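*Asks:* Now for the letters of each chain:
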Amino acid sequence: MSTIADNMRRIIKKVPHTTPIIEAAGKMSAERVGSLLVEKKGELVGIVTESDVVRKAVATGASLGNLTVERIMTYPIKAIESDRSMQDAHDMMADLGVRHLAVTEGGTIVGLISVRDLLVYFKRVSEPKITQD
Amino acid sequence: MPTVGDAMKREIKKVPHTATIKKVAAKMKSDKVGALFVEKKKELVGIITETDVIRRAVATGANLGKVTAEKIMSKPIATIESYRTNGDAHDIMGDLGVRHLAVTENGQIVGIVSVRDLLSAQHRVSEPKITQD
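Chains C and G, in that order, are what the protein sequence lines are. Number 118 in my numbering belongs to position 118 of the first sequence; there are no gaps in the numbering. Number 84 in my numbering belongs to position 84 of the second sequence; there are no gaps in the numbering.
Chain G extracted, bound-state conformation (with noise of 0.2 Å):
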């Protein structure tokens, strides 16, 4: 059974807490993501998305050069451990809401999936079952 971990993107992409709006609006269109961990401390406190800036920044007419990251971010971060299945990964983001998840492996966060990731996953599974129909 294909598990997150197999789905997933092993890396971490972060800004710093303090980081404007309009920096992470930078960052997320140079990295061509949609979601970004944000770090305080050297620890992740949380996760900015499209939809956290879209919802919560630019439809409120939020000063985005002002606004920082930390004001906005979606915490607590959701996570699933890297051992679990894609199908668990796509129940805990219906559950939520949410498009992105964190990925851990010992509590500790290694990556993140998102729902892209698992359709390209789950699309690979189902891909040659499907075509028998």
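For reference, chain C alone in the conformation it holds in the complex (with noise of 0.2 Å):
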């Protein structure tokens, strides 16, 4: 069965926690990624996604430009192990209403896997299968 460790985007996209919400976005905006994970001595504390943004600093009128991204990250933040199936990972985002999910090995977070990854994923594997049908 395909483990997350062949799907997942072994790529750390971070801020500093005392990032400004306008300065994470503009970093979101920049990289074409949806969250960002945050950084606080040494440690990822939290991650922050367009989500958040958009329903904790945006919809409530925080001053965006003086709001940091520690005030409105999710944490702790959601891992899974890369030797898990994409199944475990679906059922887990499922479960807990998120579109990204961090990876961790030994513990220790070394990438991330999107829904967009588990969607082409279940796609390759469904695929051939429903041609058939």
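In case anyone wonders, no lab produced these hints; they're calculated from the structure. Nothing false has been slipped in among the hints.
Below are the EDC-like pairs computed for lysine to aspartate or glutamate, each with C-alpha atoms no more than 16 Å apart in a straight line:
hint, chain 1, residue 1, chain 2, residue 2
1, C, Lys123, G, Asp91
2, C, Lys78, C, Asp88
3, C, Lys56, G, Asp31
4, C, Lys123, G, Asp95
5, C, Lys13, C, Glu43
Given the structure is predicted, the values throughout are model-derived calculations rather than measurements.
Make the complex out of the two chains shown on their own, each in a separate frame, by following the hints.
*Replies:* In structure tokens form, the structure reads like this:
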């Protein structure tokens, strides 16, 4: 069975915890991602997503030049070990209602897996079978 | 073969074209959605997503109480007919780099399908097969 390790993105995009929301949004835009990990004192302490920015900052009318990512990030980070199946990743995202999971190896974060990575994977798996229907 | 009609949400959540980004964000929050249709003179003229809000409003430092949905929405609306397959929907999303498509029946928008809807549908189809691996 295919594991998360085979399908994940082995790259950590992050911002310091003191980053203002506007800057974090600028980084999401430039890097074309929907989430960023948040680092504090050399540790990854949370994840800030497009939904966090829209729902916890923009919707509330907060001042986005002053508000920092630490204030609106989602924590603790939802993580899954890289040797688990894609199935497990899907179940966990559905249960938690999130679009991104951090991927860990021996408890250390080594990358990220998104709902789109899952879709690409499941489509590949089921396509040859579906066409037999 | 599973069609978009099976995976979609048959409802149209929308905001007026004059809604401010702050209002749009508040509705995304209360409705727990990542995209809303934009209506102008009784017609759906665009779609506004979390990504639009982040990249075209927050990241650019726009005044979120002033800028309107019409200014940053994505248009024309990317659509797919409900009888098409989920695989087609996925391909279009991949090609356009979007997470949501408006679903049409005889050209009329009747709902929306998201990457998460496709994943849930795809997953239901492939689950019993994957476990045989």
